[in-house]
Amino acid sequence: MVVRSFVAFILFVLLAACGGNSSSDGDVEKLTIPENPEDVEGDITVWAWALEANYLEKDVLPAFQEVYPNVDVTVEHIGVDQVYQKVSAGLSSGGSGLPDVVQVENNRIKSFTSEFPDAFTNLSAMGYDEHEDKFADAKIEGLKDDAGNVVAAPRDLGPVGVIYRVDIFEEARIDPSQIETWDDYIEAGKKVVEQTGNYFLGTDGDGLLRIMMQQQGSYYFDEEGNLDISSEAGENAARILQEMKDNDLITFTNNWDGQVAAMKNGEVATNPGAVWWSGTMLEQMPELSGNWDMFELPAFEEGGTRASNDGGSALAIPSESDNKIAAYVFTEFATTDVDAQISALTNRGLFPALTAAYEEPIFSEDQEYFNNEPFFQKFADTVENIPPVNHDGAELEVRSVMGSEIEAFLLEDKPAMEMLKDGEEQAAQQTGKETTE
Amino acid sequence: MDDVTKKVQTNQYKSGFITPKTAPYIFILPALLLFLAFTVYPIIASFLLSFQTRSGGVYTFSGFDNYVRLFTDPIFYKALGNTFIILIVQVPIMLFLALLLAVFLNSKLLNMRGFYRVSFFTPAVTSLVAASIIFILLLNTDYGLINYILTSIGLEKINWLTNGFWAKASLIIVTTWRWTGYNMVILLAGLQNIPNDLYEAASIDGASPIHKFFHITIPQLKPVLLFCFVLSTIGTFQLFDEPYNLTSGGPNNATLTITYYLYNQGFNFFDFGYASAIAYVIVVFIAILSWLQFKVVKDD
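As they're listed, the protein sequences go chains A and B. When the first sequence is numbered by our numbering, its final residue is 437 and no position is left out of the sequence of numbers. When the second sequence is numbered by our numbering, its final residue is 300 and no position is left out of the sequence of numbers.
For the record, the hints were derived by calculation from the structure and aren't laboratory data. Computed from a predicted structure; not experimentally measured. Beta carbons: idealized from backbone N, C-alpha and C, even for Gly. Misleading hints may appear alongside valid ones.
Cβ pair distances, simulated, as ranges [unchecked claim]:
no.	chain 1	residue 1	chain 2	residue 2	range
1	A	Asn385	B	Phe64	48 to 54 Å
2	B	Gly63	A	Gly266	41 to 47 Å
3	A	Asn385	B	Tyr41	30 to 36 Å
4	A	Glu170	B	Tyr148	29 to 35 Å
5	A	Asn385	B	Gly63	45 to 51 Å
6	A	Gln429	B	Ser127	33 to 39 Å
Under 10 Å between C-beta atoms, here's a sample of chain A residues computed to sit facing chain B [unchecked claim]:
no.	residue
7	Asp257
8	Glu397
9	Val401
10	Gln426
11	Gln429
12	Thr431
13	Thr435
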């Protein structure tokens, strides 16, 4: 008898456990932000990693608390992988255990929203629309859902330029202002390689390919989310990469640490990379102060676009947050307060997406480390030219495929065009996506 | 009088919920509940999940789609191939080394046996993240100790972690380093169970140490060796920490193991249905291989 009821109990547990997940109350509740900041109250938890976590806790929080004294904010420093794993686990289980505000990279937003359409709170409905014009198109467009609502507030941006070694360029008698196209860049590279015996640039993944594709207004995906890797833009980029490799300009640096080491050792003279490299450089290669500077990304043809973006994150409010109003005011403050953006840049090297911040003196100031030039202004100048592209939900899978293909291209002598074709085929196989022809 | 108390007692037992018959069930109940919640339920749930795909946040049954996709997935075959190469190369080398060490450490002629046993076993309990960092430093192409030694004896530098072949070799070296001592301890226990009479009898018959090793030690150790083989096979199929920390599965997927691929699908791409299908394929492979190993040993 006991045994039988026991079996029944087990079955009950199993059935209950199997049929558990089926609720998502749409975002219909009306939330109005109180006029008086002191009326906003409650506790909120924020998940972020590394520099951004420090920024939110040390730069934003004290200033925020002065305006909103009744909101109690806890910033939890969690590793980037852990944040994503915890968010995806939380969303899979119907939103339990999620924080009120979470840092998400631009290229990850869609991988959440395509799997979980109601993952994040609609910020437009809470009034974020009024800030939309304050950000670069390339940034804010990527943070909207299909209906055009902003679902995450833009924080930092990764405008790209070519960071180069001033001393090596001088030695090789290269005038960086004369480098306008990728062909010019390759010619300069040949000279440097001949003189130094080192490489001209290093790469540890598909970052450069993505930068070059975005520069041409194209990406791994077209606007409908179809795979568009072996497009004309992709082929242009592959042609340049192949030429770099044929002339021994490019080396495979294995991983992040390898890339840092290559820059620090002088193994490479340039790094076509995002502005956030400056933080790492200041921290890890202080002895090279004065030896680095930046020129704009070379164009594919004369007069072409010389801007692109790599990385950058945003703040989102999970739909299950119990205190959306406090979460919203914190998010709004952290993303639109100009002073806070400036401290993010000066204290942490995080480049704001808020264009109003570019008017501040820090941008036009000469940076001693960067050849006494207005380093940040140079990047800021490119921001309005960055073409917006579609970061699809399958971005990570495709990046993983293309990362392996780049390794095959650099290490196993696979031709660059073949790399594009194989990559596209494999990405289609992995993601089940259509390919544009 | 005695009879009466006995009767009362048995009646008391019968009337309550706890009787001698139910007591065992009640005692194992907590453990059983935990086992159900954290072992049985995930096994069943992931089996069901392997027949589902998610779109728009909703899981729908899609029959064998995940399995069909799996068998047409070139990366899956690559991961499977890598796993088999490691299995075929690494497990025999490791078990041979472990057996050799065990025989030496079992010898009464050796001093400080305890010290050696602990030393060889230590890697099995070391944090792999820490160990991987050390190995990354040792294997560094430009500044690593191993390449330093190679170049100082006049050999070429090896791109340990950025060349597909050598990355696999590095993985095999690290895995061997980690698990040889573990298997050695198991084999050592097996060795100590071989009755000494056998060796004495053989000595009287004039058998050489090598004869004794092949005709007494190995046959007597057969069940223990089999145990080590099966454990190592399962271990290789679950190889994850080493490639994750050492090579991130690269270059160009040369060190992507099947478990690593599962992890990528599940926790990087959130494709839990596909990851579950991979998990069940691993289960089937391990079952077949273990069965084969038992079969081979039995037929001898």
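Here is how each hint holds up against the structure:
no.	hint	verdict
1	Asn385(A) - Phe64(B): 48 to 54 Å	holds (49 Å)
2	Gly63(B) - Gly266(A): 41 to 47 Å	violated (57 Å)
3	Asn385(A) - Tyr41(B): 30 to 36 Å	violated (54 Å)
4	Glu170(A) - Tyr148(B): 29 to 35 Å	holds (34 Å)
5	Asn385(A) - Gly63(B): 45 to 51 Å	holds (49 Å)
6	Gln429(A) - Ser127(B): 33 to 39 Å	holds (37 Å)
7	Asp257	holds (9 Å)
8	Glu397	holds (5 Å)
9	Val401	holds (8 Å)
10	Gln426	holds (7 Å)
11	Gln429	holds (7 Å)
12	Thr431	holds (9 Å)
13	Thr435	violated (16 Å)
Checked against the numbered hints given earlier, the structure breaks hints 2, 3, 13 and satisfies all the rest.
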